[in-house]
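Number of protein chains: 2
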Amino acid sequence: MEITLNSPLDMHLHLRDGDMLKLTAPLSEDFAGAVIMPNLVPPVTTPEMLQSYSARIEQAMSGTPFSRYMTLFFTPLGEKELEAARHTPGFFGLKLYPAGITTNSEGGVSDLARADKTFRLMEEMGIPLLVHGESHGFVMDREAEFLHTYRHLAEKYPALKLSMEHITTAAALQLLEEYPNVCATVTLQHLIITLDDVAGGALKPHLFCKPIAKRPEDRDALLQAALSGHPRLMFGSDSAPHPRCRKEACGCAAGVFTAPVALPKLAEIFAAEGALDHLQDFVSGNACRFYGLTPQARKITLRDTPMQVPAAYRSYGEEVVPMYAGESIGWSVVR
Amino acid sequence: MEITLNSPLDMHLHLRDGDMLKLTAPLSEDFAGAVIMPNLVPPVTTPEMLQSYSARIEQAMSGTPFSRYMTLFFTPLGEKELEAARHTPGFFGLKLYPAGITTNSEGGVSDLARADKTFRLMEEMGIPLLVHGESHGFVMDREAEFLHTYRHLAEKYPALKLSMEHITTAAALQLLEEYPNVCATVTLQHLIITLDDVAGGALKPHLFCKPIAKRPEDRDALLQAALSGHPRLMFGSDSAPHPRCRKEACGCAAGVFTAPVALPKLAEIFAAEGALDHLQDFVSGNACRFYGLTPQARKITLRDTPMQVPAAYRSYGEEVVPMYAGESIGWSVVR
Numbered sequence: 000m001e002i003t004l005n006s007p008l009d010m011h012l013h014l015r016d017g018d019m020l021k022l023t024a025p026l027s028e029d030f031a032g033a034v035i036m037p038n039l040v041p042p043v044t045t046p047e048m049l050q051s052y053s054a055r056i057e058q059a060m061s062g063t064p065f066s067r068y069m070t071l072f073f074t075p076l077g078e079k080e081l082e083a084a085r086h087t088p089g090f091f092g093l094k095l096y097p098a099g100i101t102t103n104s105e106g107g108v109s110d111l112a113r114a115d116k117t118f119r120l121m122e123e124m125g126i127p128l129l130v131h132g133e134s135h136g137f138v139m140d141r142e143a144e145f146l147h148t149y150r151h152l153a154e155k156y157p158a159l160k161l162s163m164e165h166i167t168t169a170a171a172l173q174l175l176e177e178y179p180n181v182c183a184t185v186t187l188q189h190l191i192i193t194l195d196d197v198a199g200g201a202l203k204p205h206l207f208c209k210p211i212a213k214r215p216e217d218r219d220a221l222l223q224a225a226l227s228g229h230p231r232l233m234f235g236s237d238s239a240p241h242p243r244c245r246k247e248a249c250g251c252a253a254g255v256f257t258a259p260v261a262l263p264k265l266a267e268i269f270a271a272e273g274a275l276d277h278l279q280d281f282v283s284g285n286a287c288r289f290y291g292l293t294p295q296a297r298k299i300t301l302r303d304t305p306m307q308v309p310a311a312y313r314s315y316g317e318e319v320v321p322m323y324a325g326e327s328i329g330w331s332v333v334r
Numbered sequence: 000m001e002i003t004l005n006s007p008l009d010m011h012l013h014l015r016d017g018d019m020l021k022l023t024a025p026l027s028e029d030f031a032g033a034v035i036m037p038n039l040v041p042p043v044t045t046p047e048m049l050q051s052y053s054a055r056i057e058q059a060m061s062g063t064p065f066s067r068y069m070t071l072f073f074t075p076l077g078e079k080e081l082e083a084a085r086h087t088p089g090f091f092g093l094k095l096y097p098a099g100i101t102t103n104s105e106g107g108v109s110d111l112a113r114a115d116k117t118f119r120l121m122e123e124m125g126i127p128l129l130v131h132g133e134s135h136g137f138v139m140d141r142e143a144e145f146l147h148t149y150r151h152l153a154e155k156y157p158a159l160k161l162s163m164e165h166i167t168t169a170a171a172l173q174l175l176e177e178y179p180n181v182c183a184t185v186t187l188q189h190l191i192i193t194l195d196d197v198a199g200g201a202l203k204p205h206l207f208c209k210p211i212a213k214r215p216e217d218r219d220a221l222l223q224a225a226l227s228g229h230p231r232l233m234f235g236s237d238s239a240p241h242p243r244c245r246k247e248a249c250g251c252a253a254g255v256f257t258a259p260v261a262l263p264k265l266a267e268i269f270a271a272e273g274a275l276d277h278l279q280d281f282v283s284g285n286a287c288r289f290y291g292l293t294p295q296a297r298k299i300t301l302r303d304t305p306m307q308v309p310a311a312y313r314s315y316g317e318e319v320v321p322m323y324a325g326e327s328i329g330w331s332v333v334r
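Chains as they are written, first to last, in numbering that gives the first Met the number 0: chain Z, 0 to 334; chain G, 0 to 334.
Do not rely on the hints blindly, as some may be mistaken.
Copies of the same chain look alike in the list, so a pair counts if it works inside one copy or between any two.
To be verified - Heads up, simulated SDA-like pairs for lysine to any residue below, C-alpha to C-alpha not over 25 Å straight-line:
id: 1; residue 1: K155; residue 2: R313
id: 2; residue 1: K203; residue 2: E317
id: 3; residue 1: K203; residue 2: T102
Worth flagging that the hints you see were computed from the coordinates, not collected in a lab.
Work out the full structure: start from the sequences and follow the hints.
Have a look at this one:
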């Protein structure tokens with residue numbers, strides 16, 4: 000069995016910078032493009048930084064055409080600044096982090112009311128707002144507690160393209176039904192794992208991410224929505240590489256590195272559930288329609304021959320452990 | 000400020016065996032005695048093994064008098080075997096583990112109905128049943144899902160002394176109210192932490208234990224019950240040492256090592272809440288009354304002068320990291 004995908008997109012990707020960028024960028028090249036997250040140190044906050052980061056990514060790629068949908072770390076920009084951003088090649092949207100909620104988000108937003116003018120301008124200019132939607136509450140409630148903020152934004156700015164990033168709960172899916180201006184990304188791991196896989200047996204640092212994996216009924220709802228072809232649910236890996244030493248040491252950093260295994264594993268899952276005909280929309284079509292994107296023309300064929308996942312990816316002095324490290328996945332990319 | 004405790008007891012303690020026993024046993028000597036858990040490899044299942052283990056513990060202690068309340072790993076024993084156990088010096092009760100639920104519990108019980116005769120005999124003979132009450136369900140629900148089993152046991156064997164070990168939820172406390180033949184132990188960490196402390200920020204392997212720490216409202220209910228002097232809630236540390244390498248490596252083992260910090264930290268907490276007058280019952284009186292114990296006569300004085308907790312305890316080639324490693328606790332044992 001095989002499937003050929005047109006221009007698959009990863010709508011939420013962390014490539015980092017420096018040596019880690021050199022290691023990870025080529026491992027996303029089975030995708031035709033990706034939305035690139037701006038939480039570097041310091042974060043990407045200006046058009047100049049964005050262009051420079053985009054150029055570093057291009058350089059780190061092996062030459063394969065790759066659409067880099069670049070984001071700015073949300074700050075309360077004015078009209079001039081938003082105009083400048085909008086006319087910056089590769090600019091895609093603004094990524095909003097509540098302050099201190101995840102890796103390198105210390106400079107995030109602590110009071111949304113102060114950003115009202117920026118949201119209004121983004122709505123007028125057609126600039127998407129991508130949000131890491133978590134409160135500072137109890138870890139299992141953080142997404143649920145943020146939903147009223149999503150509702151507030153969706154209602155107050157009905158023409159704003161609003162993306163709930165890496166959703167993890169059935170409740171977030173429910174909200175998606177209510178507002179046509181809202182879309183959501185979901186990661187590979189949140190279609191597969193629950194908190195049981197992170198902390199139900201032994202503690203598994205390589206499956207620890209933010210938002211943390213939730214309950215079985217949440218995972219099941221997300222998977223069913225993806226398999227059934229929900230038109231505003233998009234694949235965004237949130238692939239988040241950390242050096243092996245920072246994942247396995249005491250106090251491990253949050254993030255699952257899935258970029259190199261995502262497409263084969265998705266094909267395996269969708270095939271097993273008889274839903275391969277919805278995979279194209281999940282990994283590309285829904286995003287292209289919602290945002291009006293025309294990514295690099297690429298065709299990627301996946302086949303049900305096994306992929307052996309390396310125990311780690313190593314180069315440039317960096318070492319990153321992927322999801323399914325050392326295991327076998329039922330499908331692979333035809334090269 | 001200071002308090003002198005009469006014969007404090009740790010009603011749930013793991014001392015392990017071999018070099019780890021030699022390291023950990025002396026670190027529990029601020030207690031006058033403890034209920035010793037039987038999950039060695041192989042588990043302690045016969046009076047001979049129990050006596051031999053008790054002797055090894057005595058040898059590992061520094062000579063301080065210490066009441067060793069020894070338990071047998073639950074197996075469906077008959078009348079003769081229970082009689083033999085009952086007449087074994089140091090024998091306290093049977094510890095029941097659902098099969099495979101925690102460290103070295105692979106040989107546990109998978110079908111409670113098959114143990115009916117044993118429960119009935121224990122009830123007649125006055126042998127306590129201590130239970131690790133978790134289902135095999137979703138990690139946050141395991142204790143709640145086991146409560147109906149506690150109810151079943153409490154109702155079917157109304158004279159059986161039944162202990163819900165290391166409870167972590169408000170729901171378990173509620174059950175405690177309903178059955179006078181049921182008591183419960185609670186650990187130090189479950190009075191203090193929630194899942195947020197384990198996996199809400201960075202992943203913290205040294206706070207990872209089974210049952211896993213639950214929600215803030217659960218922690219708050221447990222703390223209030225302890226502070227208010229609930230007559231059937233007893234301190235049981237569940238202090239569970241693992242070699243540092245097994246805690247910090249990928250796939251870390253479950254257990255928090257609290258034995259050397261438990262009494263000072265409890266004194267600090269009870270003092271801060273103006274509940275010092277309930278500490279004696281929590282760490283000794285409740286257990287003595289419920290089980291009719293007369294532990295070693297000992298007096299331990301605690302004072303509000305800080306204790307500096309070592310980064311690790313090392314000896315006999317073993318290394319264990321305690322809760323509050325490298326930190327300071329407001330109270331300490333007067334020596």
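For each hint, the structure was consulted:
1. For the identical chains of this complex, K155 and R313 are neighbours neither inside a copy (47 Å) nor across copies (60 Å), given an alpha-carbon limit of 25 Å.
2. Taking CA atoms no more than 25 Å apart as the test, K203 paired with E317 passes in both settings, with 21 Å inside one copy and 24 Å between copies.
3. For the identical chains of this complex, K203 and T102 are neighbours both inside a copy (18 Å) and across copies (16 Å), given an alpha-carbon limit of 25 Å.
Violated hints amount to a single one, hint 1; each of the other numbered hints is respected by the structure.
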